[in-house]
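Enquirer: The listed protein sequences derive, respectively, from chains D and Z.
Going by UniProt numbering, the residue at position 260 of the first sequence is 260; the numbering climbs one at a time, nothing skipped.
Going by UniProt numbering, the residue at position 147 of the second sequence is 147; the numbering climbs one at a time, nothing skipped.
Treat the hints with care, as some may be off.
Stated by the list, open to error - With a Cα cut of at most 30 Å, we get these calculated DSSO-like pairs of lysine-lysine: (1) D/145 <-> Z/262; (2) Z/128 <-> D/128; (3) D/386 <-> Z/128; (4) D/175 <-> Z/240; (5) D/145 <-> Z/255; (6) Z/145 <-> D/221; (7) Z/175 <-> D/255; (8) D/272 <-> Z/254; (9) Z/255 <-> D/128; (10) Z/254 <-> D/300; (11) Z/145 <-> D/254; (12) Z/240 <-> D/145; (13) Z/175 <-> Z/310; (14) D/310 <-> Z/235; (15) Z/221 <-> D/145; (16) Z/254 <-> D/310; (17) D/262 <-> D/175; (18) D/128 <-> Z/376; (19) Z/339 <-> D/310; (20) Z/235 <-> D/272; (21) Z/271 <-> D/235; (22) D/300 <-> Z/128; (23) D/128 <-> Z/254; (24) Z/175 <-> D/128; (25) Z/254 <-> D/175; (26) D/255 <-> Z/262; (27) D/254 <-> Z/175; (28) Z/255 <-> D/262; (29) D/128 <-> Z/271; (30) Z/235 <-> D/128; (31) D/240 <-> Z/128; (32) D/255 <-> Z/271; (33) Z/221 <-> D/128; (34) Z/128 <-> D/339; (35) Z/262 <-> D/254; (36) D/175 <-> Z/128; (37) D/310 <-> Z/175; (38) D/271 <-> Z/310; (39) Z/221 <-> D/66.
Everything labelled a hint here was simulated from the structure, so no lab data went into it.
Protein chains: 2
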Amino acid sequence: VINAGKSQHNEDQACCEVVFVERRPSPRGRLPSREGGGELDGGFYFHYWALFDGHAGSGAAVMASKRLHLHICEQLRDLVDILQDPSPPPICLPHEARASPAEPSQVPLAEDDEEVPNNAVPRFHLEKEVSHESLVIGAIENAFKHMDDQIEREWASQRLSGGCCALAAVYLMGKFYVANAGEAIIIRNGEIIPMSREFTPETERQRLQFLAFLRPELLGKEFTHLEFPRRIQPKELGKKMLYRDQNMNGWAYKKIEEDDLKFPLIYGEGKKARVMATIGVTRGLGDHDLRVFSSNIQIKPFLSCFPEVKVYDLTQYEHCPDDVLVLGTDGLWDVTNDKEVAGVVMEVLTSYEPNDPCRYTMVAQELVVRSRGVLKERGWRLANDKLGSGDDISVFVIPL
Amino acid sequence: VINAGKSQHNEDQACCEVVFVERRPSPRGRLPSREGGGELDGGFYFHYWALFDGHAGSGAAVMASKRLHLHICEQLRDLVDILQDPSPPPICLPHEARASPAEPSQVPLAEDDEEVPNNAVPRFHLEKEVSHESLVIGAIENAFKHMDDQIEREWASQRLSGGCCALAAVYLMGKFYVANAGEAIIIRNGEIIPMSREFTPETERQRLQFLAFLRPELLGKEFTHLEFPRRIQPKELGKKMLYRDQNMNGWAYKKIEEDDLKFPLIYGEGKKARVMATIGVTRGLGDHDLRVFSSNIQIKPFLSCFPEVKVYDLTQYEHCPDDVLVLGTDGLWDVTNDKEVAGVVMEVLTSYEPNDPCRYTMVAQELVVRSRGVLKERGWRLANDKLGSGDDISVFVIPL
Numbered sequence: 001v002i003n004a005g006k007s008q009h010n011e012d013q014a015c016c017e018v019v020f021v022e023r024r025p026s027p028r029g030r031l032p033s034r035e036g037g038g039e040l041d042g043g044f045y046f047h048y049w050a051l052f053d054g055h056a057g058s059g060a061a062v063m064a065s066k067r068l069h070l071h072i073c074e075q076l077r078d079l080v081d082i083l084q085d086p087s088p089p090p091i092c093l094p095h096e097a098r099a100s101p102a103e104p105s106q107v108p109l110a111e112d113d114e115e116v117p118n119n120a121v122p123r124f125h126l127e128k129e130v131s132h133e134s135l136v137i138g139a140i141e142n143a144f145k146h147m148d149d150q151i152e153r154e155w156a157s158q159r160l161s162g163g164c165c166a167l168a169a170v171y172l173m174g175k176f177y178v179a180n181a182g183e184a185i186i187i188r189n190g191e192i193i194p195m196s197r198e199f200t201p202e203t204e205r206q207r208l209q210f211l212a213f214l215r216p217e218l219l220g221k222e223f224t225h226l227e228f229p230r231r232i233q234p235k236e237l238g239k240k241m242l243y244r245d246q247n248m249n250g251w252a253y254k255k256i257e258e259d260d261l262k263f264p265l266i267y268g269e270g271k272k273a274r275v276m277a278t279i280g281v282t283r284g285l286g287d288h289d290l291r292v293f294s295s296n297i298q299i300k301p302f303l304s305c306f307p308e309v310k311v312y313d314l315t316q317y318e319h320c321p322d323d324v325l326v327l328g329t330d331g332l333w334d335v336t337n338d339k340e341v342a343g344v345v346m347e348v349l350t351s352y353e354p355n356d357p358c359r360y361t362m363v364a365q366e367l368v369v370r371s372r373g374v375l376k377e378r379g380w381r382l383a384n385d386k387l388g389s390g391d392d393i394s395v396f397v398i399p400l
Numbered sequence: 001v002i003n004a005g006k007s008q009h010n011e012d013q014a015c016c017e018v019v020f021v022e023r024r025p026s027p028r029g030r031l032p033s034r035e036g037g038g039e040l041d042g043g044f045y046f047h048y049w050a051l052f053d054g055h056a057g058s059g060a061a062v063m064a065s066k067r068l069h070l071h072i073c074e075q076l077r078d079l080v081d082i083l084q085d086p087s088p089p090p091i092c093l094p095h096e097a098r099a100s101p102a103e104p105s106q107v108p109l110a111e112d113d114e115e116v117p118n119n120a121v122p123r124f125h126l127e128k129e130v131s132h133e134s135l136v137i138g139a140i141e142n143a144f145k146h147m148d149d150q151i152e153r154e155w156a157s158q159r160l161s162g163g164c165c166a167l168a169a170v171y172l173m174g175k176f177y178v179a180n181a182g183e184a185i186i187i188r189n190g191e192i193i194p195m196s197r198e199f200t201p202e203t204e205r206q207r208l209q210f211l212a213f214l215r216p217e218l219l220g221k222e223f224t225h226l227e228f229p230r231r232i233q234p235k236e237l238g239k240k241m242l243y244r245d246q247n248m249n250g251w252a253y254k255k256i257e258e259d260d261l262k263f264p265l266i267y268g269e270g271k272k273a274r275v276m277a278t279i280g281v282t283r284g285l286g287d288h289d290l291r292v293f294s295s296n297i298q299i300k301p302f303l304s305c306f307p308e309v310k311v312y313d314l315t316q317y318e319h320c321p322d323d324v325l326v327l328g329t330d331g332l333w334d335v336t337n338d339k340e341v342a343g344v345v346m347e348v349l350t351s352y353e354p355n356d357p358c359r360y361t362m363v364a365q366e367l368v369v370r371s372r373g374v375l376k377e378r379g380w381r382l383a384n385d386k387l388g389s390g391d392d393i394s395v396f397v398i399p400l
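Extracted from the complex, chain D is given alone in its bound form (with noise of 0.2 Å):
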């Protein structure tokens, strides 16, 4: 929902697919191994599902809706086989291009033909065994880099504006992969998972400071890596302040110096809290054109488009028709707490049947519903006469 006349434009933007992941063709067709793999030996689908919460415009999140699904779609490609095949994924793969000009030593192609990645080479004494599902998070992980890279091309190019938090859940081979800026729950026989931790400027403190202090010029002269509770006055000099640095998670006072009095590269708390008093978010896609207000300093170098994937195994458990998976945006979350959205659940789902394909809409819409409000004469209000959400929101409600 377009919320309280905020924009014209939904900043919110939604993608649901079904996708289809088709085997790269390869240039000496398929390895022996991996024939025979059933119905499905062409490739795999997976099921996908994304919001992204757009800022500074709707650009970033239009075109992430767009493609974000492509480019997981495009970094799977290369795992068809592997992930198919229960054996553990080969650490090295042969060489795409064959006799390529830069080898001349190479060996000759029928002894390579019998190559078998994960025997080719010697074993060392170490050689770490790596999961099929780490495999699933770091091609999301790269996709979502792939996707900020086309943004910043888009960007470059047509002047394409603003940033997004994104939020994706991918249903893969028996798992739901969540990659997270942005709040997710499970809601199990009325127990609350969380598939989901928060990016703020605040639990990314550490991170951010530490990039500062290392890279002291991305601060420009205005800002200071350390953090103080409160600004400082000039007058102040001298005197005794509570800081903490990127090492740091308690506090301690320290003796003020000029330094100090630029703004901290951190500031604020709760909801308030800013990267350089500009943006209150840390994990998403595009801001390549952030700028301080009314400076030069750029804000990207702070933000990470790289997502935290959570993993839940759908096999692990048994579910009930009323187990879903709820994806927010901010619109939804600002205002309805995990346990409000529980009880907003099941209160819905308890009143359709069991197997009316209805009843997951009606609690999305109920859930929208319930965080816009009713206008009355002091504006958009909640039940219990709280401010309603004035952000755009939207709501996933995904059957288990």
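Following the hints, position chain Z against chain D.
Expert: Below, chain Z alone, put in the same frame as chain D:
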């Protein structure tokens, strides 16, 4: 116990003290609002236990065991009044030195004397509230830093060698502060409560890779910040190999380039994981002289002397005579896990009267003896016939 003839000297060191933190004399005497604090008006006591697990010599461990509590005391001295005052800590303290020549426009002394720290300066729209607890954490963190600096000075002048992991428990005003690099658990009513988190090249991989990525010169020309699941052979150039960089938790394939043939910054698994093939711990004191074997590359920039401090509030729970905090060095934890430790604690404590003060010492002794094992033909063996610890073993068992 000096174990298995590994060394003539015990590289484990320990310290146990009751330390009085005396208020620092103020040039103007105490602030009027702080008077009447009762019997501890001149300061307060803390109880202190610490274990230091040395490597490459016992120099750093010996020095830290004699000095760390004094550094903690020194850091706390500025906080004597503040910690005893139940109101929130002042964010800014008045000038220490009055009428410094750098501040000609200073307000008259009479007016300044009435300054009450927390109210003296106008509040801005934001002011973070900082807890007493986080001041103690900050004091301990900075004490570790000062300890490390002192070891560095000593190393430069006296050739004090080696490094150590430090595990310190401070009991202050009803709370235990456990500063770890080392393992500690609380056993309460048979339940195990971890009071430490493991710091290894593997758990700290992303921090180390991030540093190496931003400061590639720290790697010399011999290491790469990328992680690979095994060493790469020169003849594998151009093949695709699993890797992960500082942004990834998953794994992906990349084409092997010349640079990837360098040795990985983090290499090995579990107990065998090493930073630049040299050291298996990433947090601790000392090691200022540590270099990669037969090279000039320094390890110290990758090590952190800052501990993680966990807090346990004794006043929040009821405790019985069998509830204890167990501190141990690797010699204990390498061969005896949490559950086995909890089992020994229960077993030994129940065999003594609850008011027998020896019973905790007997637990510690039993834990050491069991972890060492018995000398048989095939070396030191545990009760389960596995190899006993070849390391020094130290244990504190502290009744809660």
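Enquirer: Evaluate each hint against the coordinates.
Expert: Cross-check of the supplied hints:
1. D/145 <-> Z/262: 25 Å, holds
2. Z/128 <-> D/128: It is violated: about 45 Å lies between the C-alpha atoms, which goes past 30 Å.
3. D/386 <-> Z/128: Roughly 25 Å between the alpha carbons, so the hint for residue 386 of chain D and residue 128 of chain Z holds.
4. D/175 <-> Z/240: 26 Å, holds
5. D/145 <-> Z/255: 17 Å, holds
6. Z/145 <-> D/221: 27 Å, holds
7. Z/175 <-> D/255: 28 Å, holds
8. D/272 <-> Z/254: 40 Å, violated
9. Z/255 <-> D/128: 18 Å, holds
10. Z/254 <-> D/300: 25 Å, holds
11. Z/145 <-> D/254: The given pair, whose Cα atoms are some 14 Å apart, holds under the 30 Å limit.
12. Z/240 <-> D/145: 19 Å, holds
13. Z/175 <-> Z/310: 10 Å, holds
14. D/310 <-> Z/235: Status violated; Cα separation ~36 Å.
15. Z/221 <-> D/145: Status holds; Cα separation ~27 Å.
16. Z/254 <-> D/310: 23 Å, holds
17. D/262 <-> D/175: Violated - the C-alpha atoms of residue 175 of chain D and residue 262 of chain D are around 48 Å apart, more than 30 Å.
18. D/128 <-> Z/376: 34 Å, violated
19. Z/339 <-> D/310: 28 Å, holds
20. Z/235 <-> D/272: 54 Å, violated
21. Z/271 <-> D/235: 53 Å, violated
22. D/300 <-> Z/128: 26 Å, holds
23. D/128 <-> Z/254: 16 Å, holds
24. Z/175 <-> D/128: Judged against 30 Å, a Cα distance of about 41 Å means the pair is violated.
25. Z/254 <-> D/175: Holds: residue 254 of chain Z and residue 175 of chain D sit about 25 Å apart, inside 30 Å.
26. D/255 <-> Z/262: 44 Å, violated
27. D/254 <-> Z/175: Holds: residue 254 of chain D and residue 175 of chain Z sit about 25 Å apart, inside 30 Å.
28. Z/255 <-> D/262: 44 Å, violated
29. D/128 <-> Z/271: 13 Å, holds
30. Z/235 <-> D/128: 20 Å, holds
31. D/240 <-> Z/128: 16 Å, holds
32. D/255 <-> Z/271: 42 Å, violated
33. Z/221 <-> D/128: 24 Å, holds
34. Z/128 <-> D/339: 28 Å, holds
35. Z/262 <-> D/254: Judged against 30 Å, a Cα distance of about 42 Å means the pair is violated.
36. D/175 <-> Z/128: Answer violated: residue 175 of chain D to residue 128 of chain Z is near 41 Å, above 30 Å.
37. D/310 <-> Z/175: 34 Å, violated
38. D/271 <-> Z/310: 26 Å, holds
39. Z/221 <-> D/66: 42 Å, violated
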